[in-house]
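Asker: Chain residues, written in single-letter form:
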Amino acid sequence: MRILRFFITRIFLKRWILVLGMILLLFLANYLSFTTARSVISTFQGYQEIETLNQEGTFIANLDPDSKTENETINIDKTRKLYEYLDNHYTYALQVDGFVTSLENEHEMEVTFSYINEEAYKINQFSLSQGNHLTFNYQFNQETIPVLVGAGLATTYPVGSTIEITDPVTQQLVNLNVRGVLKENTHRSNFYAPNIKNYFNFSIFLPVNEEFIQRAGLDLHVNGLTDIALLDSTEDEAMNLKEHIQKNLGLELNFFNQQENFDYFEEYYVYSLKIICTIMFILLIIIVCLATWNNFTSIRLMKKDFTINLVVGLSYSKLRAIFYSYFGLLFSINLTLLIAITAFNRYGFWLRKESLYATYGIFGLLSMDWIALLIVLFIDLIIGVTIVELTLTKIKRIPISVGVLN
Amino acid sequence: MTSILKLEIQKKTFKKKCFSILHDFELEVEAGERLSIIGESGVGKTSLLNIMGLLDPHYHGSYKLFDSSVKDLSQNKLAEWRNRKIGFVLQESALIHSLTIEDNIKLPLLYAHLEKDPAAQDHFKRIITKIGIEPILKKKPLECSGGQRSRAVFARAVMMNPQIILSDEPTASLDSKNKENIINLLFDMNKEFNTTLITVTHDLDVANRHERIITLERNE
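Chains as they are written, first to last, in the numbering used here: chain A, 1 to 406; chain B, 1001 to 1220.
If you're looking for bench data, these hints aren't it; they were derived computationally from the structure. Keep in mind that a hint or two might mislead.
[Unchecked claim] Each computed EDC-like pair below joins lysine to aspartate or glutamate, with the alpha-carbon atoms no more than 16 Å apart:
(1) A:K247 to A:D64
(2) A:K242 to A:E354
(3) A:K81 to A:E243
(4) A:K396 to B:D1103
(5) A:K14 to B:D1103
(6) B:K1179 to B:E1143
(7) A:K318 to B:E1080
(8) B:K1064 to B:E1008
(9) B:K1125 to B:E1115
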């Protein structure tokens, strides 16, 4: 320990600019691998969610990018009729998030409503930390509506409590009864961008039944349609619905079947992830080369320091241990920095009151962050071993008699 | 007299430069002996010193030091012997420039875990008093004269009271007064503690003051 301290304070830090350069290079390597690893993990987490929905016989709606629909032509009567048609002829899963409302809570966060129908609820199988699951057979405006609340609302609105609020989509005063609390960090990935997630820590899950749909406003109707999932359907049925929607609302929706959805994922995500990983790998190699060059420069400048220490009692095995400890220290600094930055980013969502992204966790970090950090740690090990062993080989080649007189 | 060092080298090869030196070289040194090695540049004087000083394990042959076969010793043991049993007196520039003279001299104590040892501190004071470098202890090597630096290198070499002192051109680049100082310090150590002295030098005056002179010749 004393020898390590001596080397760090009296030898390495005397060329602080090289140490700083090394920290920056290693941080760059860590940051690159961290963001790439997290992006890959997040995408595959989303993909797993998609897999549960994207079964055979499922057709998922997607607004055609070439659709030139003018929203003025869509009105509430038309969408109500369309949902009537849907209820009569199809089984469908519907979940619409992001309707913001003001509701007092201890964290003073904006609260969002997530409207979910029974089929979507069954498919997603959200876990609860307290209470019971939703029921869908309530009568709107005649009884309280059973809801689930996110973990962030559980203290203010515990199971059994009642919330009186103006529902953002029906614009009516409703009484909500808290039946259960969602587990911390319950989330849903965007179907066509699986690495983007909405977290429901400050959400209210409101069960949607046929009656509710008929009373809901245009926003819910249209947003619901654009990513509705037809279940147990056929190509013909999906095509019929597409035509029906186009004819009645002027909306051009595509209904992709299971294979098309997987193909889409393969084409847009797997391919781009491969590109990202390849670029990351190339950049990582360049950074490792630069870091090794930086270390070789240090060795050249400290040639005399090393050889004199070898003359008076340092062994190559101790020197190896010193280098491993030194790089361990540099990587620890970088990993701490990385955790701090990630934690600060996560905490930023709380500060900015962005309730759909505010998450719980140690230092605000999610499981995907920790897994990505583990991957970074593994990459650091490889980088560390590469640089230290190359450095030791270089030092061993220095003739002592030349080194001491350098 | 007992033999402290017995070296038999078949050859020392430099793979990169494709040549070899020290063909069939044999040397036996007794405890307390003063030996000097001379020879023209490139014959292998410094290489021989590196081998004897346990700094270079890459040679064909056998080496017995303090009755132990060097090739059987671990890297850490070799380092420990370099620290405790062998002192290296190198040229005056062989000091770490970022450290003070005091820290340079005390460097061997770091590896012997004796930095805070009172006996070691007393020994340090005795040495610096004897060689008269108290005023420069807090200075960096580049702030000192060549003679002062030479004495600092000597102080570092004797810091652990070694049984053997290996000197590589200890008087190179010194004026006659400083040269005399260093030689006297080395010989005093030899007389006072029966320290074995092996000196590589180009300087025949210096070589002639040793008990035995070995001349290395180029292999044909």
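Asker: When you check the alpha-carbon spacing of K242 of chain A and E354 of chain A, does it fall within 16 Å?
Answerer: Violated, at about 35 Å.
Asker: Within a Cα-Cα threshold of 16 Å, do K1125 of chain B and E1115 of chain B meet the stated pairing?
Answerer: Distance ~13 Å between K1125 of chain B and E1115 of chain B Cα, so the pair holds.
Asker: Starting from K1064 of chain B, check that the Cα of E1008 of chain B is at most 16 Å away, please.
Answerer: Holds - the C-alpha atoms of E1008 of chain B and K1064 of chain B are around 9 Å apart, at most 16 Å.
Asker: Between K81 of chain A and E243 of chain A, does the CA-CA distance stay at or below 16 Å?
Answerer: 15 Å, holds
Asker: Would you mind confirming whether the straight-line C-alpha gap from K318 of chain A to E1080 of chain B stays at or under 16 Å?
Answerer: OK: K318 of chain A and E1080 of chain B at ~11 Å, within 16 Å.
Asker: Can the restraint linking K14 of chain A and D1103 of chain B be considered satisfied, given a maximum Cα separation of 16 Å?
Answerer: Between K14 of chain A and D1103 of chain B the Cα gap is close to 15 Å, so the pair holds against 16 Å.
Asker: Are K1179 of chain B and E1143 of chain B close enough, with their CA atoms no more than 16 Å apart?
Answerer: Status violated; Cα separation ~20 Å.
Asker: Is it true that the CA of K247 of chain A sits at most 16 Å from the CA of D64 of chain A?
Answerer: 15 Å, holds
Asker: Are K396 of chain A and D1103 of chain B close enough, with their CA atoms no more than 16 Å apart?
Answerer: The given pair, whose Cα atoms are some 25 Å apart, is violated under the 16 Å limit.
Checked against the numbered hints given earlier, the structure breaks hints 2, 4 and 6 and satisfies all the rest.
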